[in-house]
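Make the full structure from the sequences, and use the hints.
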Amino acid sequence: MDRLLELTRRAERDHFWFRGFRAFMGTVLAQAMQGRPHGRVLDCGCGAGVNLPLLAPYGTAIGCDITWRGLTFARQDAGRVLQGSVADLPFGDATVEMVAAFDVFSALPDEVEQQGIREVARVLMPGGAAVLTVAALAILHGAHSRLDCETRRDTHARLRARMA
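Under the numbering used here, the first residue of the sequence shown carries the number 1, and numbering increases by one thereafter.
Worth flagging that the hints you see were computed from the coordinates, not collected in a lab. Heads up, a few of these hints could be off.
[Unchecked claim] Using C-beta positions, here's what the derived DEER-type ranges look like:
{"id": "1", "residue 1": "110", "residue 2": "35", "range": "28 to 36 Å"}
{"id": "2", "residue 1": "111", "residue 2": "13", "range": "31 to 39 Å"}
{"id": "3", "residue 1": "36", "residue 2": "93", "range": "26 to 34 Å"}
Just so it is clear, CB atoms sit at the ideal spot from N, CA and C, and this is done for glycine as well.
Written out as structure tokens, the structure is:
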């Protein structure tokens, strides 16, 4: 797992797809935070923390991940990190302005996904923003999907219904 995290960290920093992802998500995050105060911004499932600098313009970016090795990388590069699960976030009620979860929920079993959704709602401040990305388009399921422990590929309708 440590080697996989190291390789993932390198890919997320340098690969063109991830650079494009961050460029695209920068616009999405700016829209989500428009008119909102800049408070705590949580990256759930931050892994090696590569996306924490993407969140920093919108508040105090904090990474949360279940893997100790990922947090070690994140701490080196981005600073503020906590160990924890999306199903049991180490934050009080209504204490986070924005929660980001990039491709985290696609790897969770259904019951853990539902608990994670409840936890995101619990920690968000009133009027806060949740920005989630999930695996989509079943036709793209492949070797990387298995490596990422992907449990499902979502449709917009399914994700929207689960979040409601």
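Status of each hint after checking the structure:
1. In this structure the supplied range 28 to 36 Å holds for residue 110 paired with residue 35, their Cβ-Cβ distance being about 34 Å.
2. Remark: the range hint 31 to 39 Å for residue 111 to residue 13 is upheld by a beta-carbon distance near 33 Å.
3. Range check, residue 36 to residue 93: Cβ separation about 18 Å, and the 26 to 34 Å hint is violated.
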